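Asks: Letter by letter, the chains look like this.
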Amino acid sequence: MSIKIKDVNYTYAENTAYEIHALKDINLEIPDGQFVGLIGHTGSGKSTLVQHLNGLMKATSGRIYFNGRDIYGENFSMKELRSKVGLVFQYPEHQLFEIDVLSDVCFGPKNLGFSREEAEEKAKAALRMVGMGEEHDKSSPFELSGGQKRRVAIAGVLAMEPEMLILDEPTAGLDPKGRDEILDQIERLQKERGITVVLVSHSMEDVARYVDRIIVMNQGQVRFDGVPAEVFRHYKELEAIGLAAPQMTYVMQELKEKGADVDTDATTIEEAADAILHWLKKGQR
Amino acid sequence: MIRDITLGQYYPAKSIIHQLDPRVKLVTTMVYIVSLFVAKGILGYVLATFFLAMTVKLSKVPFRYITKGLKAIMMILLITVVFNLFLVDGDIVLWRFGFLRITDKGVKTAVFMAIRLIYLIIGSSIMTLTTTPNDLTDGLEKLLGPLKKIHVPVHEIAMMMSIALRFIPILLEETDKIMKAQIARGADFETGNLIQKARAMVPLLVPLFISAFRRANDLAMAMEARCYHGGDGRTKMKPLHYVSRDRMAYGLVWGYLLAMIGITWAERLYVTAFWPL
Numbered sequence: 003m004s005i006k007i008k009d010v011n012y013t014y015a016e017n018t019a020y021e022i023h024a025l026k027d028i029n030l031e032i033p034d035g036q037f038v039g040l041i042g043h044t045g046s047g048k049s050t051l052v053q054h055l056n057g058l059m060k061a062t063s064g065r066i067y068f069n070g071r072d073i074y075g076e077n078f079s080m081k082e083l084r085s086k087v088g089l090v091f092q093y094p095e096h097q098l099f100e101i102d103v104l105s106d107v108c109f110g111p112k113n114l115g116f117s118r119e120e121a122e123e124k125a126k127a128a129l130r131m132v133g134m135g136e137e138h139d140k141s142s143p144f145e146l147s148g149g150q151k152r153r154v155a156i157a158g159v160l161a162m163e164p165e166m167l168i169l170d171e172p173t174a175g176l177d178p179k180g181r182d183e184i185l186d187q188i189e190r191l192q193k194e195r196g197i198t199v200v201l202v203s204h205s206m207e208d209v210a211r212y213v214d215r216i217i218v219m220n221q222g223q224v225r226f227d228g229v230p231a232e233v234f235r236h237y238k239e240l241e242a243i244g245l246a247a248p249q250m251t252y253v254m255q256e257l258k259e260k261g262a263d264v265d266t267d268a269t270t271i272e273e274a275a276d277a278i279l280h281w282l283k284k285g286q287r
Numbered sequence: 640m641i642r643d644i645t646l647g648q649y650y651p652a653k654s655i656i657h658q659l660d661p662r663v664k665l666v667t668t669m670v671y672i673v674s675l676f677v678a679k680g681i682l683g684y685v686l687a688t689f690f691l692a693m694t695v696k697l698s699k700v701p702f703r704y705i706t707k708g709l710k711a712i713m714m715i716l717l718i719t720v721v722f723n724l725f726l727v728d729g730d731i732v733l734w735r736f737g738f739l740r741i742t743d744k745g746v747k748t749a750v751f752m753a754i755r756l757i758y759l760i761i762g763s764s765i766m767t768l769t770t771t772p773n774d775l776t777d778g779l780e781k782l783l784g785p786l787k788k789i790h791v792p793v794h795e796i797a798m799m800m801s802i803a804l805r806f807i808p809i810l811l812e813e814t815d816k817i818m819k820a821q822i823a824r825g826a827d828f829e830t831g832n833l834i835q836k837a838r839a840m841v842p843l844l845v846p847l848f849i850s851a852f853r854r855a856n857d858l859a860m861a862m863e864a865r866c867y868h869g870g871d872g873r874t875k876m877k878p879l880h881y882v883s884r885d886r887m888a889y890g891l892v893w894g895y896l897l898a899m900i901g902i903t904w905a906e907r908l909y910v911t912a913f914w915p916l
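In order, the protein sequence lines correspond to chains A and B. Numbered per the working numbering, the first sequence finishes at 287, counting up by one with no gaps. Numbered per the working numbering, the second sequence finishes at 916, counting up by one with no gaps.
A portion of the hints provided could be inaccurate.
Not the full set, but computed from the structure, chain A residues with beta-carbon under 7 Å of chain B [stated by the list, open to error]:
1. L58
2. R84
3. L89
4. F91
5. H96
6. Q97
7. F99
8. F109
9. G110
10. N113
11. L114
Dumping the calculated DSSO-like pairs for lysine-lysine here, alpha-carbon to alpha-carbon at most 30 Å [claimed, not checked]:
12. K653(B) / K26(A)
13. K26(A) / K707(B)
14. K26(A) / K819(B)
15. K81(A) / K836(B)
16. K836(B) / K86(A)
17. K126(A) / K816(B)
18. K126(A) / K819(B)
19. K26(A) / K816(B)
20. K836(B) / K60(A)
21. K60(A) / K816(B)
22. K26(A) / K699(B)
23. K284(A) / K260(A)
24. K8(A) / K816(B)
25. K836(B) / K126(A)
26. K819(B) / K86(A)
27. K816(B) / K179(A)
28. K816(B) / K140(A)
One-sided and incomplete, this derived list gives chain B residues near chain A with beta-carbon spacing under 7 Å [to be verified]:
29. K819
30. V845
31. S850
Don't read these hints as lab results, they were simulated from the structure. Please read all numbers here as calculations on a predicted model, not as lab measurements. Quick reminder that beta carbons are idealized off the backbone N, C-alpha and C, glycines included.
Modelling step: build the complete structure from the supplied sequences, incorporating the hints.
Replies: Structural data, given as structure tokens:
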């Protein structure tokens, strides 16, 4: 399920006073099975970019290839693309509308032409995947807590069994526990099903732990693109564009400045602890 | 997707029209609408066209932007033209097919009606495009102020209007967002017959209503938290004051209306005297 973005530009409200050049010459390739973090602060164009990936927005110029096929080509079915590339919007719980949780999750698969039974089967599988028990299947989606609603909404996209899953700020407005639960479940899903996941966020901390690759966007352009450790080495530039590297990067950098020869690529607490222990042991020898 | 509706959307620019007092713009729009109904002959419409063109030019709003609002009334316009064309009885029959016929008077009425409607929309669009919703309701509140004496809740009406206007773009954006989210889940809003299309609206309308209620609730809470309790004793940060350009604009507008009445009257005299059809 590779996606290739070539020279994509997008301008909002072209030729009016509200004109905004939201994407500038974007070139990216997302291969099969990768866990990608797309980072940028508000207005950097990350939400605009992901909406191009399933054809909800059409680039002002440039091409997007899905498995080598041009999605703006004549014989390309957008409906098929949308069934393969699942997009979970920001605050997805705002789109719930059915009378019970199960029916709401069935909406996607039913639109793809599955029968009621098949759709329910897929919906149930998706609900279990996001950790929603059977006891909630028949309750109204509006009676659930915020975190539960969010999970039902994510299940609504998962039930379509996409081969690529894009989540736009899936943890916005959740408490730390809810945030960790959702991110852990997404990680498990990615490992178990081997699907490609694009996680849009403005928090490095959230993303650093999970992803294989980080793409940093600023003012409609791709600023950095690489494995997390590599991107975090640019922590000073990241700060300049209103982002921050994980706290551990700062701790390690300061240690290094103070003369400790530690590995500054450590981003999580565990990695940092290992790196410091490693350095201490080396010193004893 | 549904950003084409310009009515009620502000277009930021620096122009003399933007700077005018909102009361002037409200009165002007009213006078302009009245003048369109006063006009009966070609000369009247020429004058109205000239006045409108001048205002558009001065407002610095791109013309393409103004005409976008016309798309919304295309249907009404079409119906008006067709009905007038076929149903107005005249003296000279230009075309006949069965019971359908077009007369000279029908053509004339249809054309004038179409122009009148288009000018009406363009005229009021200019007002909303050059005035922020807040200014607009401030102006309205001040204009209707005297009605308070007969216990009309002017402030409340103005507040309701300003909230309603403020929420148009928000709800449009929300609709756009929900629509996209449901399309991403395979929803189809475009194909199918009328019943299927209506049913396809449910996944859009239910979340939209819920969101509207949630927003209303939040807004009410925010207003109460700031001790809002209606208009009594409320002062303004920027009270409205007329300056010389406003007085000039008033002069121009009333002059225009007088000219319109004069022209129409003269035209009618001329027609009845020399061309008594």
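Asks: Now tell me, hint by hint, if it's right for this structure.
Replies: For each hint, the structure was consulted:
| no. | hint | in the structure |
| --- | --- | --- |
| 1 | L58 | holds, 5 Å |
| 2 | R84 | holds, 6 Å |
| 3 | L89 | holds, 4 Å |
| 4 | F91 | holds, 5 Å |
| 5 | H96 | holds, 6 Å |
| 6 | Q97 | holds, 4 Å |
| 7 | F99 | holds, 4 Å |
| 8 | F109 | holds, 6 Å |
| 9 | G110 | holds, 4 Å |
| 10 | N113 | holds, 3 Å |
| 11 | L114 | holds, 5 Å |
| 12 | K653(B) / K26(A) | holds, 29 Å |
| 13 | K26(A) / K707(B) | holds, 28 Å |
| 14 | K26(A) / K819(B) | holds, 23 Å |
| 15 | K81(A) / K836(B) | holds, 17 Å |
| 16 | K836(B) / K86(A) | holds, 24 Å |
| 17 | K126(A) / K816(B) | holds, 26 Å |
| 18 | K126(A) / K819(B) | holds, 24 Å |
| 19 | K26(A) / K816(B) | holds, 23 Å |
| 20 | K836(B) / K60(A) | holds, 24 Å |
| 21 | K60(A) / K816(B) | holds, 15 Å |
| 22 | K26(A) / K699(B) | holds, 29 Å |
| 23 | K284(A) / K260(A) | holds, 17 Å |
| 24 | K8(A) / K816(B) | holds, 26 Å |
| 25 | K836(B) / K126(A) | holds, 28 Å |
| 26 | K819(B) / K86(A) | holds, 16 Å |
| 27 | K816(B) / K179(A) | holds, 27 Å |
| 28 | K816(B) / K140(A) | holds, 27 Å |
| 29 | K819 | holds, 5 Å |
| 30 | V845 | holds, 4 Å |
| 31 | S850 | holds, 6 Å |
Of the hints listed earlier, there is not a single one the structure fails to meet.
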